[in-house]
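*Asks:* Spelled out, the chains give:
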Amino acid sequence: MDLYEYQGKQLFAHAGIPVSEGRLATTPDEARAAAEELGGAVVVKAQVLTGGRGKAGGVKLADDAADAEAKAREILGLDINGHVVRRLWVERASDIAKEYYLSITFDRGAKKPLYMLTTEGGVEIEQVAEEQPDALARLHADPLEGFQPYQARRLIYGAGIDDPGEQKQILAIIEKLYACFVETDAMLTEINPLIVTPDGDVRALDSKFTVDDSALYRHPEIAEMRDVAAADPQEQLAREKGVTYVKLEGEVGILGNGAGLSMSTVDVVVVAGGRPANFCDLGGGGDAQGVVDALEVITSDDQVRSIFFNIFGGITRGDEVARGILAALEQMSIELPIVIRLDGTNADEGRRILAEAAPPNLYVEPTMLEAAQRAVELAS
Amino acid sequence: MDLYEYQGKQLFAHAGIPVSEGRLATTPDEARAAAEELGGAVVVKAQVLTGGRGKAGGVKLADDAADAEAKAREILGLDINGHVVRRLWVERASDIAKEYYLSITFDRGAKKPLYMLTTEGGVEIEQVAEEQPDALARLHADPLEGFQPYQARRLIYGAGIDDPGEQKQILAIIEKLYACFVETDAMLTEINPLIVTPDGDVRALDSKFTVDDSALYRHPEIAEMRDVAAADPQEQLAREKGVTYVKLEGEVGILGNGAGLSMSTVDVVVVAGGRPANFCDLGGGGDAQGVVDALEVITSDDQVRSIFFNIFGGITRGDEVARGILAALEQMSIELPIVIRLDGTNADEGRRILAEAAPPNLYVEPTMLEAAQRAVELAS
Amino acid sequence: MAIIVDNDTRLVVQGLTGSEGRFHGLRNRNYGTQVVAGVTPGKAGQDVEGIPVFNMVADAVQETGANTTLIFVPARFASDAIYEAVDAGIGTVICITEHIPAHEMLRIHAYIRGKGVTMIGPNCPGVLSPGKANVGIIPAEIFSRGSIGLVSRSGTLTYQIGHELTQLGLGNSTIVGIGGDPVVGSSFIDILERFESDPETELIVLVGEIGGDEEEKAARFVESHVTKPVLAYIAGFSAPPGKTMGHAGAIISGSSGTAAAKKEALEAVGVQVGTTPTEVAQLVADRYATRT
Amino acid sequence: MAIIVDNDTRLVVQGLTGSEGRFHGLRNRNYGTQVVAGVTPGKAGQDVEGIPVFNMVADAVQETGANTTLIFVPARFASDAIYEAVDAGIGTVICITEHIPAHEMLRIHAYIRGKGVTMIGPNCPGVLSPGKANVGIIPAEIFSRGSIGLVSRSGTLTYQIGHELTQLGLGNSTIVGIGGDPVVGSSFIDILERFESDPETELIVLVGEIGGDEEEKAARFVESHVTKPVLAYIAGFSAPPGKTMGHAGAIISGSSGTAAAKKEALEAVGVQVGTTPTEVAQLVADRYATRT
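Chains as they are written, first to last, in the numbering used here: chain A, 502 to 881; chain B, 502 to 881; chain C, 3 to 294; chain D, 3 to 294.
Calculated from the structure, these hints are not laboratory results. Ideal placement from N, C-alpha and C gives every residue a C-beta, glycine not left out. Careful: at least some of the hints might be erroneous.
As the list claims (entries may be wrong) - Examples of chain B residues toward chain D, derived with CB under 7 angstroms: (1) Val629; (2) Glu632; (3) Pro644; (4) Ala730; (5) Gly845; (6) Thr846.
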């Protein structure tokens, strides 16, 4: 689960990492009130779960409360990479002498947390990694050893930070960020930029924060931060129904059982010359109700022109899937063409059930590739 | 550092382990007031850092406040194994259906924390271990793995506790005790008895708690619990001077450098037919001031009849020690005979310095054994 | 021989009395796996169709000589179950449970590595050595005995490829589903190493997907350590960056983790990569045809 | 050969710029030890009489090929220093620092064991291989070269016994002070094992003390794994139960850990035990006399 900047900063502040004071605003009026409370110049920042908001005009300096209201009016409703701005973070403006970068990420390959620190902050870290690899200090923590101060020293010396005051503050921030990373079950905690003010104070000016969905059950305060309204309507419906669903750009609705097979189904549709409308995983179980729910999600997308149902039965039983499809057709009166390919456990029985009912818009194909070709054909 | 029962229970309560409500009292009046506040029957318990207080009459049931005052009067001032009772813990009396035993100790051999649980509580655990080893469930925790619930289950099933209500409560108590053990840098946390009330509630009725002295710097709230007044006067003086000192029963005062050599010196005095008055370790450094301090501690013990000074120079330099002895003799006018044996770094120079000054009560001997024999002779 | 599970496997099922544990535990036994015990706290003395149930893994090990565990307990209790098994001396842990928090797996992985324990999963379909033992939820009837080692991050995709191989008359030595989570107990490399030294395995099929760099690492390992032919399939060529595709591991972040990059890395070390399950099965069949 | 430190030791001193670190680091170098680097955060670029100082152990390893560290940093920073050294690839850690919290050492011990690192200490005098290298605070001038391996929980007591041996014309292969703390990096058994396989060591002297059961374990190990003659000294025959005698480890709790029990355990496996340092030295001399 990705958090907004201000939510991540709340968690930073809770961990003792210095951040600027700010207020949440969802209307220009609230932005004005926030700026009044804070006093002086403020920054009005779009809260969106995507990058590049600065370039898109989503971050603006405001001299006073009236200006904050005006800037809020400009930013609210902006579409930034498909994300519409509904929330603003109004924050006391900072004087910035230097911009650093600090993150702890979950390194899947090494199976260890990875620290990264560089004095080249404020830009995309991938760019730094590519263009100035020597400027980027990287170090793994050992999950059993936990944080040790030497790790922070290696990062600080490695990044070439030599001001003793900065060293001391950043050492403390790294220690707190590690604690925060572990305690919140984070997959990513990033501070970019980590600024140094002209007075030498070090502070987190932005946050990027991702929490492990599987661990949310023990962080109810973080789970509550989810902005349900911001999700794509289909994805929101899918979440309610407990279906794994990712919206894509094309016309062929895709439903598979298991993440790998579903991904593969998306590929095969592309190989067959089509454009997938979504990725939808029925999961390992896949009973009749699951099929109904998944079809409901997929058909709620107006872009979908045909549905490709790709099932390889294991735990999932072909007869159950067939019954689910028939039940869905009955309940929802789907008129879109549905192409189905059924293999594995009880596949024969499933195909028999479908052949018997023989709904007019249902096409049964023997292989993945043939089914994909048929679905693509039917979508055009 | 050993804690009193009530101090250990404070730490238990802080960790969420259920304990009975109680009050500290140092006078019969305070005991009466405590009993009044608590209401009903109370138990008046001597707070001493030694075992066997029950048999010594240090724990008494009182029916009401007046009785509590009377019982307090009986207990205060009692000498229990050489420990004079100065503090009482007045606690709401408990109905006891069963007495269990639970501890986590620091197993030096295995280099792991060791859990022990048995339903045979209320008696010395060594006795249970000897007489009913099968009744005692033992399990090591791995310091990197930390507490895992299965550990508690193994203990509970191993001890034969089969009431589901007790299982649930004890599982939670084991988890909390482990957290408490780790968080306080404990070397020993023991609950004996861990009682079950007739209503099925599980509660810690006593505590034995030892905290690692080396870790006290990060537990100031525990360090403050030390009862300075309760220590032996020589040991108290030694602590103030930063000298390692243990009071023994005999007449030969012993001073060595390094714990092993000092212990060995105690042995050699016994081999020579004498009785050591103390164990005193000058430590690895051993400058002149250290010698003066150590001699001050030893000579403050009236039982001492002679002093055996056993130095093997390494870091400690023989000339420094010699100067320290002369300085001490000058400052303190010691009349006791001092036998010295000096070897290792700068020993020749040290012996020369002593020979030159030649104080009348100083005897220099060439070997440990000869020096011990001389010291024993001079003490009798 | 086969790898990880075989005729010497003595299996304890943690969570045997739950509905999934019971269903698959019995299914595994019916296949021929020696399922010697179940563990459910508080249910010692019961049995599941003759399989004795114990309170603790330690008891199961002592009483039945169990050496392998199959874990079906819910995610919140799964870490505890893994530690329990490992500390009881179990040498092979196969964990089906999904949604174990990733940080817990970080610690478990570091802990059990030091002890030489083999772990497969979590969030995996298990391990099947056709004709010998099936431990997990893989539908064994799709597969036949043979000399192809199959290792995969994905369940149903594995079945699909197994199905295609079987239809081409090809069989497997062992099928290993390593799981799709960010941290799994065994990586591609661990399994490749075992297949390389398994005399019954003649050819290896690796089934990867987008996200992470496990396939790239596997490619480097193949180059330096694997002498047997390796073929691969990668799912997710059409996946957009930044979206999690079902598996927690299946996310493309930035420029890395794409299927194209993985394909390139594998092909660079001589591993043929199919872009559909059908294609990879055909490539395997071709390889076998030219060998004999 | 000798054990743990020798001519191949390339030593980094953590805390070289402190007064103790400087004194002993230079003393070790004067003895002939290759002291290649010092580490003090913030002092990179300085040197201590020609020994270069680095900010980080990793730099010292990279620049100077250091393979062994000697730790003099204060107790509060010592754990960090140990982890730093181990994670930088140092294979041998000798830690002089005393008063490291015991729980920290529990975790360190478990962590470094899994990595195959040799650790001596904390709260120990170090390791001396006469004529080869001295790492720590042992006064080398007391000892001479020879074939007696000496392992001890105590510093000055070791010197006393070394002194007595030297006076009887006997020398040492290596002297190892394992330290007196509740948790130390290497136990008697670890060192006995090394002496057993060290061709230069012909006889082993073990110097124990009251508390714990390390001597009893050593006795069992000697019985099953040591073919060379072992003699022992135990300090604390006259110590009362329940009092800590200087070393955190030197406490008799209940009926276990007494010197008498240890003596009995050792003698039961054929290890002669002296009750004074003089006696044990004489026993060793007698043993040598009968051998030749």
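*Asks:* Look at each hint and say if it fits the structure.
*Replies:* Verification of the supplied hints:
The beta carbon of B/Val629 comes no nearer than 12 angstroms to any beta carbon in chain D, farther than 7 angstroms, and the hint placing it at the interface is violated. Proximity of B/Glu632 to chain D is violated relative to the hint, the smallest CB-CB distance being about 14 angstroms (cut-off 7 angstroms). Hint status for B/Pro644: holds, given a least beta-carbon distance of 4 angstroms to chain D, under 7 angstroms. Below 7 angstroms, beta-carbon pairs count as interface contacts, and B/Ala730 has none with chain D, the closest being about 19 angstroms; its hint is therefore violated.
The beta carbon of B/Gly845 is positioned within 7 angstroms of a beta carbon in chain D (closest approach about 6 angstroms), and the interface hint is therefore held. The interface hint given for B/Thr846 is met, as the beta carbon of that residue sits about 6 angstroms from the closest beta carbon of chain D, less than 7 angstroms.
Going through the hint list in order, the structure does not satisfy hints 1, 2, 4.
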